[in-house]
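Student: Each chain, letter by letter, is given below.
There are 2 protein chains.
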Amino acid sequence: MTSPLRLGIAGLGTVGTGVVKIIQNHHDLVAGRAGRRIEIVAVSARNRSKKRGIDLSGYDWEDDPVALAERSDIDLVVELMGGSDGPAKATTVAALSHGKDVVTANKAMLAMHGQELAERAEAAGRALRFEAAVAGGIPVVKSLAEGLAGNRITRVMGVMNGTCNYILTRMEDAKLPYKKVFEEARKLGYLEADPSLDVGGIDAGHKLALLTALAFGTRVDFSGVHIEGIEHITIEDITRAGDMGFRVKLLGVARMTGRGLEQRMTPCLVSKGSPLGRLEGATNMVVLEGDSVGQIVLRGPGAGEGPTASAVMGDVVDIARGLRVPVFGLPASALEQAPAAITATPAPYYLRLELLDKPGALARIAAVLGDVGISIDRMRQYGHAEAVAPVLIVTHKTTRDALDVALSRFGATGVLAAEPVAIRIEAF
Amino acid sequence: MTSPLRLGIAGLGTVGTGVVKIIQNHHDLVAGRAGRRIEIVAVSARNRSKKRGIDLSGYDWEDDPVALAERSDIDLVVELMGGSDGPAKATTVAALSHGKDVVTANKAMLAMHGQELAERAEAAGRALRFEAAVAGGIPVVKSLAEGLAGNRITRVMGVMNGTCNYILTRMEDAKLPYKKVFEEARKLGYLEADPSLDVGGIDAGHKLALLTALAFGTRVDFSGVHIEGIEHITIEDITRAGDMGFRVKLLGVARMTGRGLEQRMTPCLVSKGSPLGRLEGATNMVVLEGDSVGQIVLRGPGAGEGPTASAVMGDVVDIARGLRVPVFGLPASALEQAPAAITATPAPYYLRLELLDKPGALARIAAVLGDVGISIDRMRQYGHAEAVAPVLIVTHKTTRDALDVALSRFGATGVLAAEPVAIRIEAF
Chain G
1 MTSPLRLGIA GLGTVGTGVV KIIQNHHDLV AGRAGRRIEI VAVSARNRSK
51 KRGIDLSGYD WEDDPVALAE RSDIDLVVEL MGGSDGPAKA TTVAALSHGK
101 DVVTANKAML AMHGQELAER AEAAGRALRF EAAVAGGIPV VKSLAEGLAG
151 NRITRVMGVM NGTCNYILTR MEDAKLPYKK VFEEARKLGY LEADPSLDVG
201 GIDAGHKLAL LTALAFGTRV DFSGVHIEGI EHITIEDITR AGDMGFRVKL
251 LGVARMTGRG LEQRMTPCLV SKGSPLGRLE GATNMVVLEG DSVGQIVLRG
301 PGAGEGPTAS AVMGDVVDIA RGLRVPVFGL PASALEQAPA AITATPAPYY
351 LRLELLDKPG ALARIAAVLG DVGISIDRMR QYGHAEAVAP VLIVTHKTTR
401 DALDVALSRF GATGVLAAEP VAIRIEAF
Chain F
1 MTSPLRLGIA GLGTVGTGVV KIIQNHHDLV AGRAGRRIEI VAVSARNRSK
51 KRGIDLSGYD WEDDPVALAE RSDIDLVVEL MGGSDGPAKA TTVAALSHGK
101 DVVTANKAML AMHGQELAER AEAAGRALRF EAAVAGGIPV VKSLAEGLAG
151 NRITRVMGVM NGTCNYILTR MEDAKLPYKK VFEEARKLGY LEADPSLDVG
201 GIDAGHKLAL LTALAFGTRV DFSGVHIEGI EHITIEDITR AGDMGFRVKL
251 LGVARMTGRG LEQRMTPCLV SKGSPLGRLE GATNMVVLEG DSVGQIVLRG
301 PGAGEGPTAS AVMGDVVDIA RGLRVPVFGL PASALEQAPA AITATPAPYY
351 LRLELLDKPG ALARIAAVLG DVGISIDRMR QYGHAEAVAP VLIVTHKTTR
401 DALDVALSRF GATGVLAAEP VAIRIEAF
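Protein chains in written order, with this note's numbering: chain G, 1 to 428; chain F, 1 to 428.
Take the hints with a grain of salt, since some may be wrong.
Since copy identity is lost for identical chains, a pair holds within one copy or between any two.
Below are the EDC-like pairs computed for lysine to aspartate or glutamate, each with C-alpha atoms no more than 20 Å apart in a straight line [said to hold, decoys possible]: (1) K179 with D237; (2) K21 with D291; (3) K21 with E289; (4) K272 with D173.
None of these hints come from the bench; they were simulated from the model.
With the hints as extra help, turn the sequences into a complete structure.
Tutor: Following this line, the structure appears as structure tokens:
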């Protein structure tokens with residue numbers, strides 16, 4: 001057996017604690033698989049006296065994570081502090097420039113500085129791996145960058161924020177409005193300190209940007225991700241879309257098109273019967289589509305101590321075994337700067353309209369749609385006691401541009417009792 | 001860019017043809033990812049003149065695959081001939097002993113000779129990889145051996161024979177008996193030349209034996225897999241189990257128990273609402289459970305030219321990148337020879353009984369179950385026009401031994417109109 005792999009762990013929150021536990025509890029098992037022992041030399045965190053339920057007495061303590069990253073007795077730095085800049089980035093840069101490999105769970109840092117860090121890693125000849133940054137315990141980075149390396153990837157999709165999926169399925173199950181479930185989730189501790197990272201789609205958008213780079217060989221472009229959160233999803237739409245055979249998901253979709261790179265993290269409808277439509281609670285799911293493999297679906301826990309630490313350890317064992325894969329699957333210099341697609345690929349849309357109970361109301365709406373070239377696949381008008389009739393329309397494939405024209409013209413018909421709702425339907 | 005990786009491909013059936021297509025069509029894409037060009041030097045197959053729809057003119061032809069494996073201008077042999085012995089094994093042995101890496105899709109060969117071949121690969125310092133041997137395009141070997149390397153694996157489950165799953169779901173959808181659907185599948189070309197490999201569970205058993213070795217660090221023990229096929233599953237049981245909330249699957253389950261290593265490939269019931277229960281058609285699904293990660297579910301195409309070639313290429317690119325993982329995740333000498341568990345882990349069972357319409361019939365059956373310590377979770381008796389009453393029982397957890405005692409005693413009650421059916425329910 002060769003020399004041990006010596007770790008420095010920067011950040012001892014939930015995930016860092018989980019990594020220490022695995023290394024302590026499965027020392028021999030992991031050594032057998034890795035072909036060498038994996039040993040923690042030093043750790044660093046903000047608060048030394050915090051109770052963590054683990055014995056840190058065998059490790060050196062560093063108050064400064066950058067000092068940890070510069071130690072000559074460490075081969076690999078595990079960065080688990082979080083934050084796109086500040087200590088996390090400084091530590092990562094220091095580790096690479098001092099010839100250490102880096103494993104991180106930091107999606108924000110890589111979404112903002114992925115290209116720079118990939119270039120630094122390659123210049124230093126070191127690995128920078130981030131399985132834990134995307135979809136927790138699901139080995140999606142590995143599946144995409146290694147398992148599907150023989151494929152031209154055609155689409156990547158995923159539900160990658162467990163909190164949003166929890167909120168949406170809880171709204172449906174309990175027939176509760178968004179605000180109520182949001183408050184529940186906050187009380188249960190499911191939300192980030194800044195909840196807009198979750199419900200605003202930013203956290204999931206970071207993850208999508210990383211998968212996009214891996215899938216299409218492009219530079220990480222978080223600013224190119226079109227992001228909409230779930231704050232405006234109503235229980236009304238969840239129920240009505242359900243009647244039409246759909247579920248609402250905060251869905252990330254990335255594909256390379258003739259018009260540029262399309263990256264979206266927005267509420268979408270998916271068929272109830274599809275694996276994504278059936279995904280409930282905080283579980284994550286990623287769908288990978290390639291020209292040879294067809295479609296692969298990966299499902300698992302997207303967060304939490306054990307799953308995220310499991311992903312970190314997968315990367316650590318890979319490095320111990322000598323695996324060297326470019327950070328985003330291709331050499332950093334070969335990653336393309338693809339233009340962002342201005343408009344999304346055409347798709348069917350779900351429309352929910354509240355029509356005033358006037359003769360010919362529906363005809364006027366249908367006429368507007370027809371005028372802009374949108375044809376109707378299915379339509380349902382509900383019985384109504386009041387002066388307003390709920391109407392659901394599922395269109396055939398259309399561009400968002402045409403739909404926006406139609407939405408803007410609906411007002412002039414004088415038959416709408418409320419703002420119409422339009423949600424994209426992602427075929428799957 | 002370093003020197004190209006030079007391939008010899010032995011076997012040009014569906015999968016071999018698919019591999020050639022990927023290398024021809026995605027030469028630059030794959031070279032970028034692998035960090036070097038991947039070039040086919042020579043090929044071998046039984047029939048040189050067969051039309052394959054690919055241009056082989058740039059490659060040397062070898063009639064003898066062993067001669068191909070011994071060529072000095074080849075770095076890696078792709079073995080796609082199939083068969084547990086014969087040319088496939090001879091070619092693999094020759095390749096390893098001549099210092100070449102090997103990628104294979106051959107589940108039968110590895111199930112029968114996995115330990116020997118792993119030892120040969122390690123003695124030669126070469127890689128022997130087999131992603132394509134298990135669950136087609138799903139990167140399950142990689143996920144298990146690499147992605148979950150930080151976990152003690154607690155259970156591996158899977159539906160790994162698409163033909164069986166097709167037959168079972170088609171029976172349910174069309175309400176057709178087994179024999180009729182079996183004939184349909186044969187006509188559609190879904191069955192192996194020897195169909196018992198599919199419907200007898202042997203092919204899926206081979207795959208399970210490989211996953212077991214990877215999961216538990218044990219020597220491949222195909223003879224330790226308890227195998228039952230789907231030939232005796234009736235439309236009656238599919239329908240009745242459906243009424244009770246279950247679906248029938250040919251399910252592989254492996255776990256390490258205090259009584260030894262448990263490996264089963266048998267028809268089981270799973271909850272209709274679970275991912276396994278919802279799996280329809282020829283798609284495969286593997287469930288991996290680890291102490292840190294919890295549960296990961298992988299779903300995708302289990303066979304076919306594109307998916308299987310995709311898996312082969314994942315292995316080829318790994319080798320091009322320099323990845324070296326022991327064949328079964330641990331050094332061959334460290335793989336344990338675990339005793340096979342004689343009996344399966346206790347589980348609930350589904351019983352279907354045809355009771356004669358006599359007073360106290362059900363009471364006698366219940367008494368037998370009670371006497372051997374089996375308690376009833378749910379029971380359903382159907383209305384009946386004839387003199388025979390169909391009765392379904394879902395038991396609480398019991399051992400198979402206790403159940404067998406009960407089954408043997410049912411006869412003496414004199415109330416059974418037919419042989420009782422018992423199917424294990426795998427919790428999930």
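Student: Is it within, between, both or neither when you check K272 against D173 at 20 Å Cα-Cα?
Tutor: Both, since 14 Å and 19 Å are each at most 20 Å.
Student: From the Cα coordinates, with 20 Å as the cut-off, is the pair K21 and E289 best called within, between, both, or neither?
Tutor: between (35 Å within a copy, 18 Å between copies)
Student: When no copy is specified for K179 and D237, does a C-alpha distance of 20 Å or less occur within a copy, between copies, both, or neither?
Tutor: within (15 Å within a copy, 46 Å between copies)
Student: Cα distance capped at 20 Å. Does K21 pair with D291 within a copy, between copies, both, or neither?
Tutor: between (40 Å within a copy, 12 Å between copies)
Taken one by one, the earlier hints all hold for this structure without exception.
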